[in-house]
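Chemist: Same order as they appear, the protein sequences are chains A, B and C. If you're matching positions, the first sequence starts at 60 in our numbering and goes up one per residue. If you're matching positions, the second sequence starts at 47 in our numbering and goes up one per residue. If you're matching positions, the third sequence starts at 1096 in our numbering and goes up one per residue.
Just so you know, these hints were derived from the structure itself, not from any lab. None of the values given here were measured: they were computed from a predicted structure. Built from N, CA and C at the ideal position, the CB exists for glycine as well. It is possible that part of the hints are untrue.
What the hints assert, rightly or not - Estimated spans, in silico, between C-beta atoms of each pair:
#1 277(B) / 365(A): 39 to 47 Å
#2 1165(C) / 347(B): 31 to 39 Å
#3 247(B) / 1107(C): 19 to 27 Å
#4 50(B) / 396(A): 25 to 33 Å
#5 1245(C) / 211(B): 30 to 38 Å
#6 255(A) / 1107(C): 21 to 29 Å
#7 387(B) / 413(A): 56 to 64 Å
#8 1242(C) / 78(B): 43 to 51 Å
#9 1107(C) / 95(B): 52 to 60 Å
#10 329(B) / 108(A): 27 to 35 Å
#11 222(B) / 396(A): 40 to 48 Å
#12 1192(C) / 345(B): 35 to 43 Å
#13 1103(C) / 247(B): 19 to 27 Å
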Amino acid sequence: METQMFITILISVVQISIVLSLVALSVPLLILMERKVIGFMQSRIGPKRVGPSGMLQTIADGLKLLLKEDIIPDRADKWVFRLAPMIVLVPAFVAFAVVPFSGTGLNVFGQRITPWVTDLNIGILFIIAISSVGVFGIILGGWASNSKYPLLGALRSAAQMVSYEVPLGLALVGGLMWAGTASMVGIVEAQREAHLWFFIPQVVGTVIYFMAGVAETNRAPFDLAEAETELVSGFHTEYSGMRFGLYFIAEYANMLIVAAVATTMFFGGWLRPFPNVSWLAFLDIFNFILPGQWGPFMSGLMWVIIKVSCFIFLYYWIRATFPRYRYDQLMSIGWKWLLPLALANIMGTGALLLWLGQTG
Amino acid sequence: MFRTQEMEINMGPQHPSTHGVLRLKLRLDGERVVDSWPVIGYLHRGIEKLSESKEFIKITPFTDRMDYVCAMSGNLAYLGAVEKLCGIKVPEKAAYIRVIMVELNRIASHLLWLGTHALDIGAMSIFLYGFREREMILDLFEAYCGARLTYNAFRISGVPADLPPGWKEECTGFLKLFRQRHREYEQILTANRIWLKRTKDVGYMDAEHCLALSVTGPVLRAAGVARDLRKDEPYAIYDQLDFDIPVDDGCDTYARYIVRMAEMLQSVHMVEQCLEKMPSEGPLMGMKGRRMKPRKDEEIYFAIEGPRGEQGVYLISDGTDRPYRCKFRNSSFANLQALAPMVQGGLVADVVAIIGTLDIVLGDSDR
Amino acid sequence: MKLTRFIQKLILWELLVGMMVVIRNQFRPKVTVQYPKERIPLRPRFRGVPRLRYDPKTMEELCISCLLCEQICPDDCIAIKWEKAPSGKGRVLKDFIIDYQRCCLCGLCVDPCPTKPLTAIYMSHDYELAGSDRLDLVAGRTDLHEGRTVTIYDK
């Protein structure tokens, strides 16, 4: 009994460290890709000097940030100033606990290792709850700097995030109604059983979710809290060195979370397109390349990565194209458009499900 | 229990979007601007005073450095004034070359405005697209006069050199490409709902107030006043060209965007006409030698339509080869006066958009 | 008409058009130039810093010390030292100094230069103007003839 418990804990620790390191490693990759992708879109070539075609640029940047002097402004609230980046970073990583990275687990030494850290039956709720904690980090960071531009940025982000949490959550409700469960794994299983990605009945929900997600992660065109051309860099104006780096990592981790939730909720997680059409089975290439349990595992992982990458690419694409909304306009979109639309979406979904339930 | 307080904030001179070294003191109520004071003079070099101690020809390089975004217009305005003062005729071919350069420079200047204005509002790519095309114009300038920013391309009474071989073809090719690219800019911005929201009804200033503050150029034309010195008081060879003056009566940032975008196409049209009509032979300089003999106690004012508005030069001569007084009426300085009334009551984000829409160059306003 | 516009608005049509423009630009040739490695070819008329030249045939000094360039320079950055020629007619150039710190590359000095067909002073294609010392940028006669030595970063 004792050993069994020990092994369970050990497995969890291993899973957690794998997920953490994966996320932490993918952040430099994301930053590099962003600079490359946006560079290409703008007829530039992006970073080029460090490593082969600039591959090590973000590593170098990270090292530079680590080595920089840790400056805390004289009049800043020192405790809060130090605490704030961590409040942003920790929830961003914690939320990955319930994200399923693939469908089937692995059997190693007779122990089953699932490709998710835990499968909470309130997974979605957990993510929404955890990621809303991150807002405090931004607000506190802006406030603790005791400087004017960060204060403006913090105020903006407080208002923005509070109002976008609501449509973000409500947009997911439509999907939840289709799935009938809030567990992340359960949602994907429901999509397998329903033979369709929930994106198809939930187009409106997906769009609202994505818009709210962009706003939630403070990315263009909703990047008001840092709005470089208006507020210099908003809430992290006074931050430098690795504290700034933590904000930066958290931003990208949050993007990953939004993309992962969208993937799971609306795009069938680890499922290939049209999971019920059997002649499309060749799309799961790893099933044929790798032996035994590794095949399905890697196929699922591949699909998750592909889908998440598409979302991330969309992020970059939008950032490269659009102007930024103004603070009051952002509010009015959130409350006057997204929120009613999300509510209407829930009503519509409910009616549709009721009708389907009666006929089918 | 709660005490609210207005916040004074300092925007610039090292702010990413004050276009150089404009300093703006803002008093904010939350995000709303209650009051604002533009502070200028960080780029003051005393060019007007310096000019009094230099011969006429030596002042031309200074005019490059005033409005460095459209140095060709600066050159033309100054040299036009000197030619008017001394009664020098410019040969037709030289006048054509001057107009080609000035109009190309207007496109380059508007491209820079478009890029930075859009970047201030948050559209990132168009900034680099604008610069990409501007670079092609700068290549053309480099091929003609050898410089890419401070051209010093004209001399008193004419131009120093003919167009280099192959220049016309390169220019025509660029104009053709530019029409396509212009359409792309429009596709990104003109109908974009975010762009519309950010620019419509922002920085409103009607014709009456524009005239009261002596605002000129696209800002005035976007308020519905068809004032353009190229049509009203034609200089060089503008009376031989066929072009329209884009006017819009929106009075806001979006109207100014529309006007400037249309002006770029008009400039393309003008350059095409010039290339076609330009005489292939003919003198380039209207004057032999370098001695200038203006009449004593003569005062003249000569203005051209620069990309930012009326670009005037006021000269007083005392009969020597140096100006007694040289005053530059620069459009950035006059247009900057409109900034404070425009930002009043707007949000911080609007301040940035309004600085962009006024298209100020601080070298121009500080001199 | 109104319906199409409504539908276009609903599906965010104009935003999609803008996004397509950006994507189209992704496949255009890149304009970046990796400066120390690659250089933009200069046009023949490019105006770098002014320099002096010898007569290409006889390899004699072209400059006749007429001081016209010194007079026209708006920044007073040219200083010419000369003395009477031993034959009694004309001048001999002793030294020619251009202060590149002050030079504004306007090219006015080339215009009045009376030597034909090549001007003695000309706008060269040198544009790398960096020095670790102010005096590095004061070019004497040898520098003007042979060009300043510039250490170029070539990694």
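Chemist: Decide, hint by hint, whether the structure agrees.
Modeler: So, going through the hints one by one against the coordinates:
1. 277(B) / 365(A): 39 to 47 Å: violated (59 Å)
2. 1165(C) / 347(B): 31 to 39 Å: The hinted range 31 to 39 Å holds for residue 1165(C) and residue 347(B), with Cβ atoms some 33 Å apart.
3. 247(B) / 1107(C): 19 to 27 Å: holds (22 Å)
4. 50(B) / 396(A): 25 to 33 Å: holds (30 Å)
5. 1245(C) / 211(B): 30 to 38 Å: Since the Cβ atoms of residue 1245(C) and residue 211(B) sit about 31 Å apart, the hinted range of 30 to 38 Å holds.
6. 255(A) / 1107(C): 21 to 29 Å: holds (24 Å)
7. 387(B) / 413(A): 56 to 64 Å: holds (58 Å)
8. 1242(C) / 78(B): 43 to 51 Å: violated (59 Å)
9. 1107(C) / 95(B): 52 to 60 Å: With Cβ atoms ~56 Å apart, the hint holds.
10. 329(B) / 108(A): 27 to 35 Å: violated (52 Å)
11. 222(B) / 396(A): 40 to 48 Å: holds (42 Å)
12. 1192(C) / 345(B): 35 to 43 Å: holds (40 Å)
13. 1103(C) / 247(B): 19 to 27 Å: Cβ of residue 1103(C) to Cβ of residue 247(B): about 23 Å, so the range 19 to 27 Å holds.
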